[in-house]
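Student: These are the residues of each chain, in order.
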Amino acid sequence: MIVRPPQHWFVRLFTWHGSVMPQILFRLLLNLGMSLIALALYPWLGQHSAHLTLPPFSLLGIAIAIFLGFRNNASYSRYLEARKIWGSMMITSRSLIRQTLCAVNEAQSPKLAAKLLIAYAWTLNHSLRGSSARQDLQRSIDPSEADGILNKQSMANMLLLQVGQLYANLLRQGKVTELQYRNIDENLNELSRCLGGCERITNTPVPFAYSLILQRTVYLFCTLLPLALVADLHWLTPFVSVFISYTFLSWDAVAEEMEHPFGEGANHLALDAICTGIERNLLEMTEQTPLPPLKQVDRYYNLT
Amino acid sequence: MIVRPPQHWFVRLFTWHGSVMPQILFRLLLNLGMSLIALALYPWLGQHSAHLTLPPFSLLGIAIAIFLGFRNNASYSRYLEARKIWGSMMITSRSLIRQTLCAVNEAQSPKLAAKLLIAYAWTLNHSLRGSSARQDLQRSIDPSEADGILNKQSMANMLLLQVGQLYANLLRQGKVTELQYRNIDENLNELSRCLGGCERITNTPVPFAYSLILQRTVYLFCTLLPLALVADLHWLTPFVSVFISYTFLSWDAVAEEMEHPFGEGANHLALDAICTGIERNLLEMTEQTPLPPLKQVDRYYNLT
Amino acid sequence: MIVRPPQHWFVRLFTWHGSVMPQILFRLLLNLGMSLIALALYPWLGQHSAHLTLPPFSLLGIAIAIFLGFRNNASYSRYLEARKIWGSMMITSRSLIRQTLCAVNEAQSPKLAAKLLIAYAWTLNHSLRGSSARQDLQRSIDPSEADGILNKQSMANMLLLQVGQLYANLLRQGKVTELQYRNIDENLNELSRCLGGCERITNTPVPFAYSLILQRTVYLFCTLLPLALVADLHWLTPFVSVFISYTFLSWDAVAEEMEHPFGEGANHLALDAICTGIERNLLEMTEQTPLPPLKQVDRYYNLT
Amino acid sequence: MIVRPPQHWFVRLFTWHGSVMPQILFRLLLNLGMSLIALALYPWLGQHSAHLTLPPFSLLGIAIAIFLGFRNNASYSRYLEARKIWGSMMITSRSLIRQTLCAVNEAQSPKLAAKLLIAYAWTLNHSLRGSSARQDLQRSIDPSEADGILNKQSMANMLLLQVGQLYANLLRQGKVTELQYRNIDENLNELSRCLGGCERITNTPVPFAYSLILQRTVYLFCTLLPLALVADLHWLTPFVSVFISYTFLSWDAVAEEMEHPFGEGANHLALDAICTGIERNLLEMTEQTPLPPLKQVDRYYNLT
Amino acid sequence: MIVRPPQHWFVRLFTWHGSVMPQILFRLLLNLGMSLIALALYPWLGQHSAHLTLPPFSLLGIAIAIFLGFRNNASYSRYLEARKIWGSMMITSRSLIRQTLCAVNEAQSPKLAAKLLIAYAWTLNHSLRGSSARQDLQRSIDPSEADGILNKQSMANMLLLQVGQLYANLLRQGKVTELQYRNIDENLNELSRCLGGCERITNTPVPFAYSLILQRTVYLFCTLLPLALVADLHWLTPFVSVFISYTFLSWDAVAEEMEHPFGEGANHLALDAICTGIERNLLEMTEQTPLPPLKQVDRYYNLT
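Chains as they are written, first to last, in the working numbering: chain A, 1 to 304; chain B, 1 to 304; chain C, 1 to 304; chain D, 1 to 304; chain E, 1 to 304.
It is possible that part of the hints are untrue.
Claimed, not checked - Each pair of labels, with its calculated beta carbon distance range:
#1 N151/E <-> P22/D: 41 to 51 Å
#2 L25/B <-> W235/E: 51 to 61 Å
#3 E287/E <-> T289/C: 20 to 30 Å
As the list claims (entries may be wrong) - Cross-link-like lysine-lysine pairs, in silico, DSBU-like; alpha carbons within 30 Å at most:
#4 K111/D <-> K84/D
#5 K111/A <-> K84/B
#6 K111/A <-> K295/B
#7 K152/E <-> K152/C
#8 K152/C <-> K111/C
#9 K84/A <-> K152/B
#10 K175/A <-> K84/C
#11 K111/A <-> K175/A
Hints were generated in silico from the structure; no laboratory data involved. The model shown is predicted, which means the values in this text are computed figures rather than measured ones. Every residue, glycine too, gets a C-beta built ideally from N, C-alpha and C.
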């Protein structure tokens, strides 16, 4: 889902939805608790010359910030690649339909191709999100064929094979020439790359060691921080400690969220909206009606 | 718009236009006010040992700078990609016209193709900026056809379909050979990629969580900063505090502006100038007149 | 192997498997020992005004963190490229089979092509990991042919040559047209690129000087750190010192592990699972049975 | 121009040419003056407890260094892209001549094509540098044709159109086959991309806001720095202040210089040398003489 | 050369070969000397309140580390690109031979093509390293032809032209079809890109200003550092100072070495091994003997 939030900078400061607050609130409260403990223990610790000092934490904090920057890069580039793949789904589907319309003289094949391509997009969407593609498949293609597809191990791949066979038939019937078929085949390869790319992003997370090391160091850092701040800041410790923790925890949480771009969280890709866009475009190009309605953002500015 | 400012380093220091000053001035004034409050409260706070110290803010400031660097990377790469896409619009349009001129023997089809490609560029420009394409469309193509396009859901896409059909007709009439058509079709696919790329950049902002976290931490950081500086700097606090705030707020503001490269702000892309460039080039290649005048920068060195 | 660990943030803190703990535990213990020595020596050192101070170590630590960031970038991009290459193996194999199925009318050639491509994937896998490909080769192709391949210097390359000759024969027999052969040949080139890319990643590590400089400076830094912390932290030194050392050593260790993505460690690529995926997909497309079972993660959440 | 300087590290320390010293010397002197003022004012300021302290400047300096790193990345990648484009000019021209030599049986057309491609490279070079292409154009192509080109709005583009028409004629005369023409057409598209890429780099600088913010903050930082150093360093202030300023100002200056890679400064691309290289290669391939002499570095190790 | 060093982390700490120690040893000794001078002068300097303090050096050191990170990125990406180009040489040569073997029916042409491609690789290797290609050329191709090539200005380019003409002859003799020729021609273009890419990397270093600024600031920083450390560390100064200097100097030295990936230093590319690999692969594919022996690492773990 993509959140399109209030634009004014002041209102933004207090937005809840779309931020990563829900994920980190509990840990922020833990940090607040830790600050109060540090405040309470401080006089006693001072006697035993056993309080932490800030300089080692400065060094550590900056190192962690550098590593968080690295991890956000890694996660965000997954998000970006996922978005580009789905952009390419849109682009390639439209190009295929344009090529079909320009190549064949009758209206039926382009309509059929459009339906199959729409089914392909929805199937990939549902298989990435682990939901059932049945409803969207049956809307686009023949129910019996839909059942055949739903029984396969790799549904999207088998659907793409079917698209390929549609065009291979057009070639055999002489409706498209060999060279036009070649143009089309290249776009089918591109759809195959989109499928493979999505599978890769879903199946291979950022290596677990990265998240693990970062989460451990970030949590431990935030937990110990109040003990290092309390000597200088006294009763201001909770405010500053929660602020610093918020900065580090939220960057960790947003990297965690970006890592899986196909989810349905507030910062994930709006796959449903993209599929609807593909459906609307292909139907308009092949003059089929009715167009499905554009996806609208809900009251939380969300777009699934 | 692209600002081409005075080149001398000294004059630049005092340039207003093209900087992000307008966006952040109000917040800088807030920071100035906060500094004065800190200055006034300092004696009272000192008594209660409740002033902030700088070291935690150093740590926080450097972490925020690292994250601002990440966000500027993300935003600037959107700007860069948008510019490359429009560069490709120019390149591909010229290549298409070169291919048409080399393939067909008559002068009419290249002229028509040039007109359609010019209309395509302007339509995409206007749809990205949310303005009406009517005027520029009617200048380039037949008014009745222009109306047909203006009624469509995805105008640029339908126009590209029309370009495709122009070439499909040339193929059917035997004016271009199958292989020449293939060369052309690849460039049409590239135009389709340009369209899809622009839509992607417009529809999918940098995930909201990134801007949100950064803005919150930057604002809070700038607000609390004077309280941390005042113990050492006394009445120099406002100067240093506003300087540091300027550094952080302006990097945040410029990332915000770069994120939407198709706007009409001082640092956005000069789409009108690029479209005019495409129009001038294609008309010159097909020997049509008059060429539209080159876009000139206005008195603020702006180019829309 | 890819670890899919417990998802709850709290459980994660204590996960052993998939972290780089095994690699760095010994060095952490050394660091702990060094901390105790520093603690013991401190009173004596204090007399001779010969204790280290933290500020030079802060500077050094941040510099090292920046360089660790660079090295992790270099290592992780090798991992990422390796994953993309194997994604492309999957994509290209499926595209090839789709093209074969669409081109030829009989069922035998696609089945043979599928078998050869499966053998190709397994052979590359085994040659990257230095294990014997015999078992997996003989499962897919004729045992006598398998022996021929196993005697070659560059097994995967010779197998690819065999795939090429299969299609060249289909071309000579007129079962695929010249243009279809061209489509296929491009995908064979892509498989050749995958092979070359894997060889490049295996044969050329990140230049040794980088690992060397980083390991030396990281180890020396961690060893001297307790001496610099002890003046301020007294008996808290071991805790903070081990924490900081953990942060630096684990980033160094994970970079070391990412550098060789084809290994069988907890953060390496699950090549066996990918090959099984290719096998399942190609067999399903060509309607051959039985499908090999999906690879399941073991009790450590590992996937080879 | 590319500077190939003395290789010994000790001599390098005192090299003037090729460094950015000329651009920043005046500002370094300003900084020196400011240091002396700070030194003179220090006793008086000390009385009014109004001296700056270093910690806020440390924070600011590191933030600015991070942003300078970002800007140098942006500028250097423009330089790199420009170099790659000109590398592609060389590569594509050679490939085109190779294809021509292999395709046609006579010696005249390859010679003519070579001449046109040489003219294309020089024209693009001159139009990027704003110099007159007349001399180099007339050396390569017929003077009357050269005049026709020089009158055009987009000279390089019209020249490329002429190259296209040369090959279209060869196709019509049956000297190259349709498929060979396609191979050639792809390389013409690549030349078109080179042209568009160069235009993009020249026309679209790094957004002005980035340079503006950095220059302002760097200058102000360097100006205020002596006031913050003087309390600790006394009469060593000028040395350290100028050293730190040199580091920051030179990185800003080199980013400024890299941003416009087509200039004639010491760190700009050696376009003349590249064009000469293209000329020598194409003439040698088509056995034309005389070859123009290789560009030699001048006494400042410069290569235009 | 690629160094494959001892794998145990403890042994690595004391490895000399493959590190950049030889390049920086002298400067480290200078730094040691400077530390001793600082130690000797300290009492005298203390009297004149003229010792340096660490904080300005912390700021400077971190800024320099950020810039060193940038420069290592720039240098390493040159190394990486060079490696990818040579990987592509291997990939494309094998693909070409596969295409030749599949296209022609006789055994002679593939053998000849293999010989020419081997000669091409060795010639490019030698011209990049400035050594004589005579020996390796004569081993692969006819001595008289070898002499013709050795007299040319651009040997590799002329050799590639010869490869092109070999295939053009096969086309004229009808041994390869037009479409097969097109497949081949694309791979010849790729070889041409490899050649151009290598030339670009050799001819255009990282702009001199970057190395210059960094070397100056790194050296000056390391020289002044002992003066800033001595007040706190007394007789520990030499140890810490040399350690910090080692970190900075070695990163500078490794960037310097990476910048020229075609050299014969310990961290340069093993071009000879790659060429031998190409030779072995192509000979095996075309069933020619004897295969040249695999390159082995020498006693310093080096591979030329």
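Student: Could you check the structure against the hints above and give me the numbers of any it violates, in ascending order?
Tutor: Structure breaks hints 3, 5, 6, 7, 10.
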